[in-house]
Amino acid sequence: MSLKAGVGFSMENDAFASGSLACQGALDQLKEEPDVLMVFSSVKFDQQKMLDGVRSVNSNALLVGSSTAGEITAQGPHPRNSVSVMALHSSQMKFVASVAEGVYENPRKSGSEVAGAVKNLSEAPLQTFFMFPDVLKGGGSQVVLGVLDVLGENFPVVGGASGDDFHFEKTYQYLGGEVYFGAVVGLGISGKFRLGIGVGHGWIPIGLPMKATKSVGPLLQELDGKPAISVYEEFFGEKEVSAMKHQTLAKLSVTYPLGIPIPDLEEMLIRDPLTVHDDGSITCAGDILEGSVVRLMIGSRESALQMAKRAAEDSLEGLDGAPVRAILIFDGVGRNKLFGERAGEEITAIQEILGANIPLLGFYTYGEQAPLRVRERVQNVEKTATVFQNESVVIVALGD
Amino acid sequence: MKKTFGMRSKLVFTVLFVALFSLGAAISGLVGINELTLGAKEALSQNANIVGRVRDSFAALDVVAKELQTLETLEYTADLLKLEISLQKIESTGKSIESLMKEDAFNSSLLSDPKTVPAFFEEARRAGEAKKEALIFLQERKKKEFAVADDRARKQIAEALSSLERARASVLELTNIASVSAEIKVGELSGLARAVRNNIFVISLIGLIFAIAMSMVFVEYVLLTPLRRLSEAAFRFGKGNLGERVDVERGDEMGMLAKSFNLMAANIASTTLALEIQITDRTKNLEDRIRVNQDQILEFEKTNQELMKSTKLLIRRDLELSRANERLRELDSIKSEFISIVAHQLRTPLSGTKWTIDMILRGPQKESLPTELQTMLFKTYESNERMIAFVNDLLDVDRIETGRFQYAFVRMNLADMAESVILEITPQAIKKNVSVTFPHERKEIPEVFVDNEKMRMVFQNLLENAVKYTPDGGKVEVALVREGERLHVSVKDSGIGIPEESLNKIFSRFYRAPNAMKVSTDGSGLGLFISKKIIERHNGIAWFETKQGEGFTFHFTLPL
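Line by line, the protein sequences give chains A and B.
For the first sequence, our numbering assigns the number 1182 to the initial residue and increments by one for each residue that follows.
For the second sequence, our numbering assigns the number 139 to the initial residue and increments by one for each residue that follows.
In short, the hints are calculated from the structure, not lab data.
Model, not experiment: these values are computed from the prediction.
Treat the hints with care, as some may be off.
Said to hold, decoys possible - Simulated pairs of lysine-lysine, BS3-like, Cα-Cα distance not exceeding 25 angstroms:
(1) Lys1392(A) / Lys450(B)
(2) Lys630(B) / Lys569(B)
(3) Lys606(B) / Lys570(B)
(4) Lys1420(A) / Lys1407(A)
(5) Lys293(B) / Lys1407(A)
(6) Lys570(B) / Lys581(B)
(7) Lys630(B) / Lys643(B)
(8) Lys450(B) / Lys1420(A)
(9) Lys504(B) / Lys492(B)
(10) Lys1373(A) / Lys1318(A)
(11) Lys517(B) / Lys570(B)
(12) Lys1395(A) / Lys1351(A)
(13) Lys440(B) / Lys1392(A)
(14) Lys1407(A) / Lys504(B)
(15) Lys570(B) / Lys685(B)
(16) Lys1351(A) / Lys1392(A)
(17) Lys1351(A) / Lys1225(A)
(18) Lys1351(A) / Lys1373(A)
(19) Lys656(B) / Lys685(B)
(20) Lys656(B) / Lys570(B)
(21) Lys1290(A) / Lys1300(A)
(22) Lys517(B) / Lys447(B)
(23) Lys1351(A) / Lys1432(A)
(24) Lys447(B) / Lys1426(A)
(25) Lys1420(A) / Lys447(B)
(26) Lys473(B) / Lys570(B)
(27) Lys517(B) / Lys1432(A)
(28) Lys1225(A) / Lys630(B)
(29) Lys581(B) / Lys656(B)
(30) Lys569(B) / Lys606(B)
(31) Lys569(B) / Lys1490(A)
(32) Lys204(B) / Lys270(B)
(33) Lys504(B) / Lys570(B)
(34) Lys1392(A) / Lys447(B)
(35) Lys1426(A) / Lys450(B)
(36) Lys440(B) / Lys1407(A)
(37) Lys1432(A) / Lys447(B)
(38) Lys606(B) / Lys581(B)
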């Protein structure tokens, strides 16, 4: 058993105390010197003090992490603001990490920078890459493309975009003892281990298909020749939407995201609209290609649960029979809203497949990254390509 | 296909005709040239012949000259006869030259040359005269004027010799002139031949032009005219005049083409007519279908609009529900937080109360207190203990909900735990005259992976409830049985059971069934909630079976 994991969390009011208690909890369970700490935290806490708290317990291990819209451990989704830490130790794995800023300005460049830095730091060939980007300004797709530019189209990249407790104002990324925003943190893993990845969402289309008649990157300007926001105005009423213009559209749209049908892909690609502009255009978390068909999506707990189970099965399959040592979950923030007080059911369903006693850490994200399996009709071969998406659940199982 | 005297044959004949014409012209020209050439050759050989004969004459003249020269030295006396013979020879030579000159008609022009010929004849005549004079002189000499005559004879002979010499030069010149003239003549002949050749070319050219004109006429009348008619007919046919036909009654290919065209046109016309009928039918069909489709489309559009309307309604309802859910969740969270605060706040004063009463009841003051007061204090202590237990339950619930309930799993045999908890509960059971049994073979009970402390709480909760709600003389049975890959735990009592209307609420927090409240006011309504949560955390499944008044059995299974 070369890979060991421990998870701790805390809901104390004090940022430093919460950080230190969470880290201590993880180390208590790990009972080994940690190689890497993954820290996920609510933005309720002073981010620097919280990290100081974590580092007060252990400052030797590599530290990566992100602010969240809620965390998940083996006990289920946390009901209140918390700090969660997963500590990993392995004699046969090597961890390297880096950060790149400037995601708001040039997300693709930042993606390439962080992937390039991690690749350079790693002595052995990288096996997988975890990323925690800031996508509040819509750079999700591009930052992933930037990473893939360096690591290769079919490289297994997973991760979750930072959250901020559903405020959609400011999200943070962590590396070492430092707090960043508008950045992307990357963790590269090399060595001997097994990796299983599963992804799915279960959102279903509602209403008639529309066409993205005008769109530039993540900026969706027109749907069916009308300002993009009119979709939401039509379905929810102008009053509802005008309130969202003043706050943020994401609060409404994460539970009614947009779906784009992708050829050869079983499920649609989901995009969260984040903000509305005066001209009625919408900035989404990821790109929407001009000319693509766009659907309004609605949540179904049943199918969301079913897809979570499927994702868990896929991740288990990826381990090829090796026992699961640690589970990471990147869960779209809208799913937490969809499941409501039953959010735990999704996690329980995943645990039923992967095992309830396995150290588990996850968080509710503003965007997920995972390789999608695309079956190419022509050659009938499966091709995996990491994409940026929203409101899906990404399950990563680590084994020896 | 019928063999006809077709256009190809006509064309071939025309070409053959032109070729033969040209060939004839060429051959006749060539024959002419050939004849001219032969004539020229003959003229040349004749010329050469003349020249040869002139040369022979010269040779004869030379002989005469030599003889004359010899004559000078001779003694007149001895050789007069010889001289005569020489003179006769000269005469004959002159004659032969003369006849030679006259003989050739072709050279007659030469003879008419005013310069050379008279001189020749003059000289020849002079030579004759000289001869005559010589003869006279000889006769005179014979008549004894030999000495004078000799000189004169000598003079005359010299004169004759020089005349001969001049005659020779003239003949030579004449010969040269004849030769040159012959060459000129040959050149003229060649020029004539060239002219004949040019004439042949001109004739050929005329033949060619004639042939081309013939061909054009042929092409125009045999090919182009019918083709134009065909083309015009095809054009008009293409324009839609399906009755268009061509009138070309001919046996050649053009006629056949026209026939074929007419046949094709007739076929197309009939096919087109059939098609038109079909198209009319189909169009009508399609129009009918389009009408039906349009109706359907309208229907669809209407349905779509209705669907969109209901979709909007659905989405707004969904949003309302989500919002309500969210509020409930917030309320629930506030409630949990409130309970947590209350529980934490109560814990300290309750502990203080416990500590104080404990001090009094255990301390030396106890004896000084009246028995009645001591009983009251003891009851207060018990109530406080229940309060503490309740607050502890509340805190457990809070810990469970906030994840503070930390688990440490170990592999163990639950038989030991069950026995231990039964031992704890025994005093209460004895007090109520309730029997608690746990029939088992320890080695048949498999080990499971549990958190010792939490699982113990489950057993305590279940056994306390069972004893509490089982009337006097009742019994409680604990069973641990392996079922496949799971351990099945059950706690069965013969107690009051649960009324049907409460069945779906007993796992809720703070819920107590009405009949339970009657039996005992004591109880937080949290025990089963906590137990279920703990069991679930162990990946276990919890359920129960009961009937009011006929007992209650709590079941759960744990994975091995």
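Verify the proposed pairing of Lys517(B) with Lys570(B), using a straight-line Cα cut of 25 angstroms. 19 angstroms, holds
CA of Lys293(B) to CA of Lys1407(A), is that 25 angstroms or under? 150 angstroms, violated
Check the hint pairing Lys450(B) with Lys1420(A) against an upper bound of 25 angstroms on the C-alpha distance. 14 angstroms, holds
Compare the distance between the alpha carbons of Lys569(B) and Lys1490(A) with 25 angstroms, and conclude whether the hinted pair is satisfied. With Cα atoms ~51 angstroms apart, Lys569(B) and Lys1490(A) exceed 25 angstroms; violated.
What's the verdict on Lys504(B) and Lys570(B), does the C-alpha distance respect the 25 angstroms limit or exceed it? 30 angstroms, violated
Are Lys1407(A) and Lys504(B) close enough, with their CA atoms no more than 25 angstroms apart? Violated. Lys1407(A) to Lys504(B) sits at ~87 angstroms, over the 25 angstroms cutoff.
For Lys440(B) and Lys1407(A), compute the direct alpha-carbon distance and say whether it is at most 25 angstroms. Holds, at roughly 22 angstroms.
Between Lys570(B) and Lys685(B), does the CA-CA distance stay at or below 25 angstroms? Within the cut-off at roughly 22 angstroms; holds.
Does Lys517(B) pair with Lys1432(A) here, judged by a C-alpha cut-off of 25 angstroms? Given pair Lys517(B), Lys1432(A) is violated - Cα atoms ~55 angstroms apart, limit 25 angstroms.
Given the hint that Lys1351(A) pairs with Lys1432(A), does the C-alpha gap stay at or below 25 angstroms? 14 angstroms, holds
25 angstroms Cα cutoff - pair Lys606(B), Lys570(B): This hinted pair holds, its Cα atoms lying about 8 angstroms apart.
Given the hinted pair Lys656(B) and Lys570(B), is their Cα-Cα distance within 25 angstroms? 17 angstroms, holds
Figure legend: structure checked against the earlier numbered hints; hints not met, in rising order: 5, 6, 10, 12, 14, 16, 18, 22, 26, 27, 28, 29, 31, 33, 38.
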